[in-house]
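Engineer: Residues per chain are reported as follows:
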Amino acid sequence: MSGSTIKIIIGPQHPALKEPERFILETEGEYVVDVKVRIGYIHRGIEKAMENRTYLQGLYLSERVCGICSDAHTTCYVQGVEELLGIEPPPRSRFIRVIVAELERIHSHLLWLGIAAHEIGFDTLFMYVWRDREVVMDLLELVSGNRVNYAINTIGGVRRDLNNGRIQKMLKGLKILEDRTKEYLKMIGREQTVLKRTVNIGNLSKSDAIKYGAVGPTARASGVKRDVRVDDPYAAYDEISFNVIVEDGCDCLARIMVRGREVLESIHIIREALKKMPDGEIRVRVKPRIPPAEALSRVEAPRGELLYYIKSNGTDKPERCKIRTPTLANIPSLCKMLVGGYIADVPIVLAGIDPCFACMDRVLIIDKEKRKAEVWTLDMLRRYGREWYQKR
Amino acid sequence: MVSEALNFVLQLLIFPGFLFIICLAFFSEWVLRKFVARIQNRMGPTYTGYGGVLQPFADFIKLLGKEDIIPAFAEKSFFTLTPLLCLALPLTAIFVLPIADHQALISFEGDLIFLAFTFTMLTIMVFLGGFLSGSIFSMVGGVRAATQLLGYEIPFLLVLFGPAIPASSLSISKISMWQAQNNAWGLWTQPIGFGVLVICLLAELELLPFDIPEAETEIVAGWNVEFTGRRLALVRLGRDVELVLASAILVDLYLGGPQQVWIIPPIVIFLVKMFACLLLIGYLKTLFARFRIDQVLSGMWKYVIPAAMIQFIILKLIW
Amino acid sequence: MSREEEILEKIKERFGDNVKNITIQRPRRIFAETDMKYLKEILRCARDELGFDHISTITGEDMGEEIELIYHIAYENAIELSIKTRVPKEDPKIATIIDLYPPAGIYEREVHDLLGVMFEGNPDLSPLLLPDNWPKGVYPLRKDVSLEEIKAIIEKGGEEE
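Those sequence lines, one after another, are chains A, B and C.
Residues 1 to 392 (our numbering) are what the first sequence spells out, left to right.
Residues 1 to 319 (our numbering) are what the second sequence spells out, left to right.
Residues 1 to 161 (our numbering) are what the third sequence spells out, left to right.
It is worth saying that the hints were derived from the structure and are not from the lab.
Treat the hints with care, since some could be wrong.
Said to hold, decoys possible - Far from chain C, by Cβ distances over 12 Å, these chain A residues were calculated:
| hint | residue |
| --- | --- |
| 1 | I9 |
| 2 | W130 |
| 3 | R133 |
| 4 | L142 |
| 5 | V148 |
| 6 | T193 |
| 7 | V284 |
As the list claims (entries may be wrong) - Which residues of chain A face chain B? A partial, calculated answer using Cβ under 10 Å:
| hint | residue |
| --- | --- |
| 8 | G121 |
| 9 | T198 |
| 10 | A344 |
Predicted model, so just to flag it, every value in this text is computed and none were measured.
The beta carbon of each residue, even a glycine, is placed where N, CA and C say it ideally should be.
So here's chain A without its partners, still in its complex pose:
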């Protein structure tokens, strides 16, 4: 191809992306030589909106930052607000928060496993995993009353309690999930076509993972032992013992394995939490006005470290509420992973960080589609095609 590069635009609309985002890949033949990222297609201005709403309204807004990790967002938000108020939620509510957070992690990881399988063309696994995802969604409905956007957290505790019947049903569901996940992990480890597409693909070395600030499963798949649940415990995580799953593969297979094994670990955490859960109140009443203070709250969302910085000014509305989502933190590492790989590997590498673009673009305003650059690129390609054809 005479040494020139072709620009391949992935997104804003593309089957490999579940949400609108644009990646401009400079390619030479089948190799990717450069990546540019343009986000912001689903900007909704949540940070600005939070400044104009009360703390309680802000809670529901934070729930809607992301559909899949909505519980992580509300947990992080209410923890920040509780810190501003200087109150401690009741112990039972902290355990319920752990249970919902881990169920959400199982859901998110299973969903991701299905998508990852779809990206490498393994639709059979995709269908099977998504069938089992129904089990965990039912469990979430059992606990919170909702299949998505669980709305379990509130400032000062949680909204719904668990009773014995629900706990029994939950243990039964967890058993199914455990068996199925073990089965899938065993299968993935043996299936040659999956290994061919994931081993040594999208490498991110340990030093690069630290340098480019990778978080969550992406970092842990590169051997970086970082998990907010252990390093900076919140809710009831300091009362439950569990392992931080780390893989040294640094490639896409390691990312699959980390998430798969985290599902098993989450099941273990939920069982522990159900066992250790104390009786008592599930929420305390709070005042709507919050004294001037600032708080930095962190949570391990399914995709990695989630951070809220909240500053109050004595009224019922926050002065500033800053959200940093894990996907944004993983973008620099993603660009590093893509360069030098094949076009065919782009989808699985992209999926490897489990991107959640709705999370990432929360700050402001809907973007308009950028027509100009796209037309230019097509035009350039057309010319290129014509010239190539005439030369033959």
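Following the hints, put chains B and C in place on chain A, whose structure we already have.
Structural biologist: Structure of chains B and C alone, referenced to chain A:
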């Protein structure tokens, strides 16, 4: 004389000609879709007809009614020609294969070469159609189809001509007749060849794990991304006919073709064998993840071509 | 002495009065203030000598006359040190820190988009979150930009070209 000619025309148009083949193509698509869906724990088509059996036909009609768009950057002639040839080439190729009788509709010494020629033509049309439809995705898809051809064409031709050696004929009808009469199915006498042919047909049909030219998550729909309306309908019907063609080749060259067993007519035997092959292809399709283009090429050259050659050498030594 | 206190002592010892109001708000949270002149030096010291190898994010906030930037950096993923510094709103300029923390580039782009702070030395400050035809000089997260103004811009579909 007149009645003979009329008979031939009827055979050509109705049975086992166009109408029968096209119905069979729609039905095979339904069988494949339903089978794959059941394996994957899904329902598959359910609404149109009994168990959704009319769904492929409904899809076809729907596509015919859709808007027909020619991209401004596309080469019009090739853009029009590709869908037509995508249907016409496999349909023509099917006439040299014996289906209802042990004699094909059109049969001559050397029709095996004609079959090989149509297959290669088809891939070249896919390449040109994709390359000249003016979209980057279709261009990459077209280039991938052509690259993949480099990998599977040699073993494909080797195993296609393998069964011709024992039957010492280049006519497909004679080969299948010879196998049926001597009870020497290619599947038993040259099993490696059968395996290689299945792999090559998966690549030719662009099914998993070789659906690289139209990998959905990578390059959207690959070479056929720009086709809409009638063109897409023709392309899709062409794919279904290709599916029938591929299964029919397996049956005629390696499974003895349509043979009369007891009082069961040959067409029934043929259909049974054909759907067995179809289900085999469908089963393989669900088992794998997609390979990458370089992995296909190196795999084909490292393992499949040597396997085909070994089969050929063994054949030459025996016969 | 806990780890937090050790870090606090080290910073105090090293920078003296250049770091103000350094407090341990609660276990694993340290807040500090400094002048923009010393920011880079403190960050370099934190990264090289104290082992703060991860930048969580940069928060920008409109304080009226000035814009406050908070650099949240983490030590072994556990202790979050938030260093605050201020730049004048009239001429919001500050040196980039991508040479210290490469991922900071994307956070600087975000702050540049929403609050209009120029990060000198950052090679790519193109819009990250806002549309390309967003009017120049309107920084939506500043307090003087009202919701109505933003709504009007969206309804108009951005700046005409």
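Engineer: A separate judgement is required for each hint: does it hold in the structure or not?
Structural biologist: So, going through the hints one by one against the coordinates:
1. I9: Non-interface label on I9/A holds, nearest chain C Cβ at 15 Å vs cutoff 12 Å.
2. W130: For W130/A, whose nearest Cβ neighbour in chain C is about 31 Å away, the distance exceeds 12 Å, so it holds.
3. R133: Check passes; 29 Å lies beyond 12 Å.
4. L142: Holds: least Cβ distance 33 Å, greater than 12 Å.
5. V148: At about 25 Å from chain C, V148/A clears the 12 Å cut-off, so the statement holds.
6. T193: At roughly 34 Å from the nearest Cβ of chain C, T193/A sits farther out than 12 Å, so the non-interface label holds.
7. V284: The claim holds: V284/A sits with its nearest Cβ about 19 Å from chain C, beyond 12 Å.
8. G121: 3 Å, holds
9. T198: 9 Å, holds
10. A344: Cβ of A344/A sits 4 Å from chain B, so the hint holds.
Checked against the numbered hints given earlier, the structure satisfies every one of them.
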